[in-house]
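So the sequence lines, in the order shown, correspond to chains V and B.
No gaps in the numbering here: position 348 of the first sequence is 348 in the working numbering, and each next residue is one more.
No gaps in the numbering here: position 83 of the second sequence is 83 in the working numbering, and each next residue is one more.
Bear in mind the hints are in silico, worked out from the structure with no lab data behind them.
Honestly, I wouldn't trust all of these hints.
Subject to a maximum C-alpha distance of 20 Å in a straight line, what follows is the list of computed SDA-like cross-link-like pairs (lysine to any residue) [stated by the list, open to error]:
#: 1; chain 1: V; residue 1: K320; chain 2: V; residue 2: P257
#: 2; chain 1: V; residue 1: K287; chain 2: V; residue 2: D355
#: 3; chain 1: V; residue 1: K387; chain 2: B; residue 2: D102
#: 4; chain 1: B; residue 1: K80; chain 2: V; residue 2: K387
#: 5; chain 1: B; residue 1: K115; chain 2: V; residue 2: L22
#: 6; chain 1: V; residue 1: K261; chain 2: V; residue 2: E250
#: 7; chain 1: B; residue 1: K80; chain 2: B; residue 2: D102
#: 8; chain 1: V; residue 1: K429; chain 2: V; residue 2: V449
#: 9; chain 1: V; residue 1: K8; chain 2: V; residue 2: S27
#: 10; chain 1: V; residue 1: K417; chain 2: B; residue 2: Y79
#: 11; chain 1: B; residue 1: K115; chain 2: V; residue 2: Q384
#: 12; chain 1: V; residue 1: K387; chain 2: B; residue 2: K115
#: 13; chain 1: V; residue 1: K417; chain 2: B; residue 2: K7
#: 14; chain 1: V; residue 1: K429; chain 2: B; residue 2: D102
#: 15; chain 1: B; residue 1: K7; chain 2: V; residue 2: T185
#: 16; chain 1: V; residue 1: K309; chain 2: V; residue 2: D355
Not the full set, but computed from the structure, chain B residues with beta-carbon under 8 Å of chain V [what the hints assert, rightly or not]:
#: 17; residue: Y9
#: 18; residue: M14
#: 19; residue: P87
#: 20; residue: R88
Quick reminder that beta carbons are idealized off the backbone N, C-alpha and C, glycines included.
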Amino acid sequence: MDTQVKKKPGLKEKYRHMTRGLDWQTSYQSMDKVFPFAEFEGIKIHDWDKWEDPFRLTMDAYWKYQAEKERKLYAIIDAFVQNNGHLKVTDARYINTLKLFLTGVSPLEYMAHRGFAHVGRQFPGVGPRVACQMQSLDELRHVQTQIHTISNYNKYYNGMHDFRHMHDRLWYLSVPKSFFDDAVTAGPFEFMVAIGFSFEYVLTNLLFVPFMSGAAFNGDMSTVTFGFSAQSDEARHMTLGLEVIKFILEQDPANLPIVQKWIDKWTWRGVRVLTLVAMMMDYMLPKRVMSWKEAWEIYFEQNGGALFKDLARYGITMPKCIETINKEKDHLSHQAWAVFYNYGGAAAFHTWMPDAEEMDWLSSKYPDTFDKYYRPRFEYWREQEAKGNRFYNMTLPMLCQTCQIPMFFTVPGDPSKIAYHESHYSGDKYHFCSEHCKEIFDDEPEKYVQAWLPVHQIFQGNCFKPDADPTAADFNPLAEVLRYYNINFGHDNLDFNGSDDQKNFDLWRGMATQNQTGESA
Amino acid sequence: MSVHAFKPYPARVMDGQDKFHGNQVLYVGWVDHLMFCAPLAFALAPDFPFGDLIKNVLPGAYSYHPDFAQIDWSAVQWYKSGVPFTPRLEESLVQNGLGHKDLITFVSPGLTGIKGTCS
Chain V
1 MDTQVKKKPG LKEKYRHMTR GLDWQTSYQS MDKVFPFAEF EGIKIHDWDK
51 WEDPFRLTMD AYWKYQAEKE RKLYAIIDAF VQNNGHLKVT DARYINTLKL
101 FLTGVSPLEY MAHRGFAHVG RQFPGVGPRV ACQMQSLDEL RHVQTQIHTI
151 SNYNKYYNGM HDFRHMHDRL WYLSVPKSFF DDAVTAGPFE FMVAIGFSFE
201 YVLTNLLFVP FMSGAAFNGD MSTVTFGFSA QSDEARHMTL GLEVIKFILE
251 QDPANLPIVQ KWIDKWTWRG VRVLTLVAMM MDYMLPKRVM SWKEAWEIYF
301 EQNGGALFKD LARYGITMPK CIETINKEKD HLSHQAWAVF YNYGGAAAFH
351 TWMPDAEEMD WLSSKYPDTF DKYYRPRFEY WREQEAKGNR FYNMTLPMLC
401 QTCQIPMFFT VPGDPSKIAY HESHYSGDKY HFCSEHCKEI FDDEPEKYVQ
451 AWLPVHQIFQ GNCFKPDADP TAADFNPLAE VLRYYNINFG HDNLDFNGSD
501 DQKNFDLWRG MATQNQTGES A
Chain B
1 MSVHAFKPYP ARVMDGQDKF HGNQVLYVGW VDHLMFCAPL AFALAPDFPF
51 GDLIKNVLPG AYSYHPDFAQ IDWSAVQWYK SGVPFTPRLE ESLVQNGLGH
101 KDLITFVSPG LTGIKGTCS
């Protein structure tokens with residue numbers, strides 16, 4: 001008797017089944033109802049089958065690759081933990097970059113997971129749906145591996161104990177949080193341009209790479225490893241972001257102005273979030289990789305420039321905000337670090353003034369601006385600190401309605417004057433750091449009047465614990481706000497000099513490398 | 001322009017004056033003194049006298065700066081959203097035309113921060 005053995009399908013065939021063959025046209029409900037968000041943004045897609053998959057991953061292949069990466073990562077994390085790897089970083093100031101990453105960036109990975117799961121449901125085309133679902137899983141993996149990696153530091157150092165709680169409340173964390181909230185509450189196409197393209201493709205090299213190379217330069221092997229583990233996913237995400245843009249643009253010429261507007265908006269929104277990275281690179285890494293300005297020039301002006309040349313054939317032009325960014329690049333990190341130095345009492349990480357050698361490094365990297373505008377201010381602060389009069393700004397700052405960053409940005413071309421921009425909407429006034437943030441607001445004011453501005457929320461009394469009593473004679477509003485943030489005063493905040501982290505790191509490293517004994521703070 | 005939304009999208013204003021327990025927000029910026037990294041925000045009663053701002057509020061915020069004690073308040077120039085304005089010290093914020101979320105900045109003539117760098 002002849003037995004008919006059906007050949008097992010190859011990868012290519014399996015992929016075709018998953019992304020084409022398994023899809024169907026619904027009959028008892030209209031397709032419009034099944035994919036309700038497909039059209040309201042005005043993007044016209046005529047043929048989803050024209051989608052060219054940039055990578056053909058089947059689910060079984062995906063699980064296999066990712067499982068292998070996980071095994072390697074966790075083996076290294078185990079070794080790192082067992083060898084007290086945290087004592088091998090350059091100095092304990094470095095650990096503050098991890099606090100910033102964990103509280104500011106890791107929760108965005110989780111939001112990216114949610115966002116891609118959402119658009120992975122909403123696109124009528126099955127090819128991009130599958131790609132988005134895989135990216136959604138990647139992002140969930142990234143947030144998990146980051147939490148696991150950094151949790152080892154949480155055992156020894158302050159400020160990392162409640163990162164998720166802090167992400168939803170702290171004044172500077174509202175900047176990355178509101179950025180992602182803006183993206184996930186947009187329609188599926190805008191989300192893809194915002195995160196898939198502007199963030200993953202145009203800006204990832206300016207966020208993820210600086211943190212990971214900073215880790216490598218400063219001896220943090222566990223963070224380097226989660227960076228590597230995520231990097232191959234990032235390459236896939238960048239490809240997806242670019243393919244989606246090209247696909248949308250090829251589908252209908254009417255899509256161009258909409259996409260251009262989103263690219264303009266999200267490049268700017270992303271660059272404002274990168275303010276945190278700029279100061280991390282120039283001020284928080286004990287051993288610097290390169291300056292923020294150099295990173296911007298390499299990763300945006302050169303690499304990004306080539307990308308926009310490539311997109312020119314679709315009619316896409318360089319975002320208008322680039323001119324402003326070019327004028328800000330010599331100032332951004334210095335002004336941003338000054339903000340955190342001002343409000344170092346209300347941050348969940350430590351701040352400090354650069355030492356003499358570090359100031360010289362800044363002078364050499366910013367020859368036109370550092371000595372002229374920033375060194376005198378920073379030296380004054382250092383002198384005052386030495387006299388026991390460390391500067392803390394105790395009054396809340398004015399915030400930009402769109403990016404939610406304190407209004408510290410100076411007029412492009414005049415670093416001595418704060419830039420002010422205003423709009424009126426429905427009888428109220430709104431303030432902005434830049435013409436670009438104002439333009440974003442003016443385009444969709446109903447969206448941005450809802451901004452949860454931390455300063456205003458404090459004034460409204462929404463940032464106190466339920467047991468706080470504002471009528472009590474000894475009520476201290478700023479202390480109560482820190483309590484609401486779950487910041488342990490004197491441990492998580494204030495200057496690095498004199499901190500528990502500083503003392504403990506020195507003590508433990510001394511015990512590890514010399515015959516030193518003592519008590520932890 | 002209006003928001004691009006899937007269904008009717010009523011504007012939900014988070015920071016209307018009604019939410020500030022009788023206060024209004026006033027932003028104050030001291031020109032040429034970027035040691036204070038950004039303009040400051042205050043929640044004050046609408047009938048708060050402008051003179052008390054100078055006497056009782058700004059010192060707490062700005063007196064760390066060595067220039068602050070040098071300010072000749074009679075020579076200070078005030079601006080409301082960049083437009084020159086002359087406050088009447090004995091009158092309230094509202095009587096001076098200052099509403100919720102208004103921005104005032106002031107120039108202290110002759111004072112330009114640490115080593116003249118607008119710090």
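These are the hints, each one checked on the structure:
no., hint, in the structure
1, V:K320 to V:P257, "14 Å, holds"
2, V:K287 to V:D355, "13 Å, holds"
3, V:K387 to B:D102, "37 Å, violated"
4, B:K80 to V:K387, "37 Å, violated"
5, B:K115 to V:L22, "71 Å, violated"
6, V:K261 to V:E250, "17 Å, holds"
7, B:K80 to B:D102, "7 Å, holds"
8, V:K429 to V:V449, "10 Å, holds"
9, V:K8 to V:S27, "31 Å, violated"
10, V:K417 to B:Y79, "14 Å, holds"
11, B:K115 to V:Q384, "15 Å, holds"
12, V:K387 to B:K115, "19 Å, holds"
13, V:K417 to B:K7, "42 Å, violated"
14, V:K429 to B:D102, "7 Å, holds"
15, B:K7 to V:T185, "13 Å, holds"
16, V:K309 to V:D355, "42 Å, violated"
17, Y9, "5 Å, holds"
18, M14, "5 Å, holds"
19, P87, "18 Å, violated"
20, R88, "22 Å, violated"
In terms of the numbered hints stated before, the structure departs from hints 3, 4, 5, 9, 13, 16, 19 and 20, listed from lowest to highest.
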